[in-house]
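**Q** Chain order of the listed sequences is A and B. Each residue of the first sequence is one higher than the one before, counting from 0 in numbering that gives the first Met the number 0. Each residue of the second sequence is one higher than the one before, counting from 0 in numbering that gives the first Met the number 0.
There may be inaccurate statements among the hints.
Coverage of chain B stretches by chain A, computed from C-beta distances (three or more under 8 angstroms per stretch; other residues unrestricted) [stated by the list, open to error]:
| no. | stretch |
| --- | --- |
| 1 | 137-150 |
| 2 | 201-208 |
| 3 | 234-242 |
Only some residues are given here: those of chain A computed to face chain B with a beta carbon under 7 angstroms [what the hints assert, rightly or not]:
| no. | residue |
| --- | --- |
| 4 | Thr-144 |
| 5 | Gly-147 |
| 6 | Val-206 |
| 7 | Val-211 |
| 8 | Pro-239 |
| 9 | Leu-246 |
| 10 | Gly-247 |
| 11 | His-250 |
| 12 | Leu-271 |
| 13 | Pro-272 |
| 14 | Pro-275 |
| 15 | Glu-291 |
| 16 | Thr-293 |
| 17 | Pro-295 |
Because the hints were derived from the structure by calculation, they are not lab data. These numbers come from a predicted model, not from an experiment. For glycine and all other residues, C-beta sits at the position ideal for the given N, C-alpha and C.
Here's the letter readout for the chains.
2 protein chains.
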Amino acid sequence: MNSSTVSHSHNATHVTLRGPYLLFLGEADHDQRAKTAFGLRDWAPGRCMGQLRLPACRVTLGLPEMSPAAAAQAGAGSLVIGVAPKGGQIAENWFPVLREAVAAGLDVISGMHGSLAEVPGLAAAAQARGVRLIDVRRPPANLPTASGRRRSGRRLLTVGTDCALGKKYTALAITRALQERGVAADFRATGQTGIMIAGSGIPLDAVVSDFVAGAAEAISPDAAPDHWDVIEGQGSLFHPAYAGVTLGLLHGAQPDAIVLCHDPAVERIKSLPEFPIPPLEVAARRYLEAGELTNPAIRLVGVSLITQGMDEAKRSRVLADAEQRLGVPAFDPLKTSLQAVVERLLS
Amino acid sequence: MNSSTVSHSHNATHVTLRGPYLLFLGEADHDQRAKTAFGLRDWAPGRCMGQLRLPACRVTLGLPEMSPAAAAQAGAGSLVIGVAPKGGQIAENWFPVLREAVAAGLDVISGMHGSLAEVPGLAAAAQARGVRLIDVRRPPANLPTASGRRRSGRRLLTVGTDCALGKKYTALAITRALQERGVAADFRATGQTGIMIAGSGIPLDAVVSDFVAGAAEAISPDAAPDHWDVIEGQGSLFHPAYAGVTLGLLHGAQPDAIVLCHDPAVERIKSLPEFPIPPLEVAARRYLEAGELTNPAIRLVGVSLITQGMDEAKRSRVLADAEQRLGVPAFDPLKTSLQAVVERLLS
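With the sequences and hints as input, model every part of the structure.
**A** This is the structure in structure tokens:
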């Protein structure tokens, strides 16, 4: 998100990425396939130097076209695979580009399921050239277990009534709103796209369970007293498969503030519809109750709602209803102002 | 624990161990160093065929002394490293015994930190001989995420106010008490010693966080309607480092019944004493509240207390106090009868 994110994280427990990036779009035939690249362009413009497309590619980020050699020449640090083909595997016709990137002295960054080390010859070439192959889905080794020690600085964590409710987007938007007000703030990433945006982080869902809370502590180290870490949430306390990840993150993050993310149109867990989503009041209370274990001063400061597709009248009604029920500002980070939630956060 | 545990678990998501065992005691100089072997002798006597000791060993299980070849001849399935030297590493002077075991056609089972694959030549020898090297600290690959689907049969999970409070011991004692009453019951293991006792299981604290609840589902599959799985608990909802593991296990286990394990002499988390242990009533309520997500019919059936070192009068007072506060039978599985809790469970 900004340079301080990177400088904080020169230690063995972080994935740390070298910017700026050359964004590789492969043969993407639709913007949706290049979501990672668009996310980087929108949320980390200062880290994005150019784009590289294969002939069949039908997507553009509007960035300068560059070869790996030209990007390296201009100071790029990494080639980022910004496209996700079906199946999540590294395609064979990408191999020449990846080798070219290594030869040019760029790190290669991938969020694919398949490992970069499986590209024939690439690992040896990278070692010889002194560059890194970074699979951001793989967590660093040697993570500590949590100590429970309180850290200096302040922290906000986004939490949700379900998965995939804009927890990352909300955290990014709050970070930006704080920075625009001159408040020192860093976005702290816990998932692969977030890690590419921030330039560092730990993919929490891939961490061995005993170390999840410890990883969350490592993601957000001691900071200046009025500095805010805005931490990307994962999963949901109300999702039967992932609540453990969510709880470990909540305990390790030790947030002073939480923002509850919710989709008012959805009443059941999307991937397991036999499980109902609890009322907002219950969800907020359960997060606060659980978070009090490691930060007794935890408070709810806002509710982030998905309101796309609603007309203005409906949106206002839905936001007002959530505000009334929870007693905190409600907003849609894509549609409405974040001023009230930032005021509440800083009050 | 019994043969059905093993027969249930012929699938890729389980570590499945081949009995009976030849227990290797190395050069143990004190019973405490051979805790694993004593646990196996006490809780899985039917799986323990003999013992094998190096000349300097000063500990005995009272089992017949056997060489690997003699044990294999008599039908043994595995040599189990039943001793834990300082540091948890496999000692060099064990190598000849391990090679002898493989040559005799035994699987080798280890709970050490170091991997059996690191013993020079052992992996190749095992492959050539068609036997397995099993590090029970390593979870199986290809675990599923949780489905949330309710399974047939009934389940009890032991939970705790802290770690190391007798959750495994309590589960074993309840399983035995049920079996002695003629109730079909299996102990389901979630940690390494438990896995050796049961002959199968998954070491939950070593599972990647996204798969903990899925692993807990796999540990305790569909069973006959009146069959009880008694599942070994892990960690504590009130431990700032491990609560996520505990919650994932609770959600995946979907217990009909929980038993709360507690040490009345302890008021703070042992490894992180700045964190207080909540009152018993609060602890029970929080476990039930969290467990209701995947089993709305969850109920507390007992409280297991550590009362060693107390005189009879003190013990009675402490047990009566817990019974009065929680409204369920209290017991010490080492010191008092389990009859009342089993009655409650079956009622």
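**Q** What are the numbers of the hints that this structure violates, sorted from low to high?
**A** 13, 14, 15 and 17
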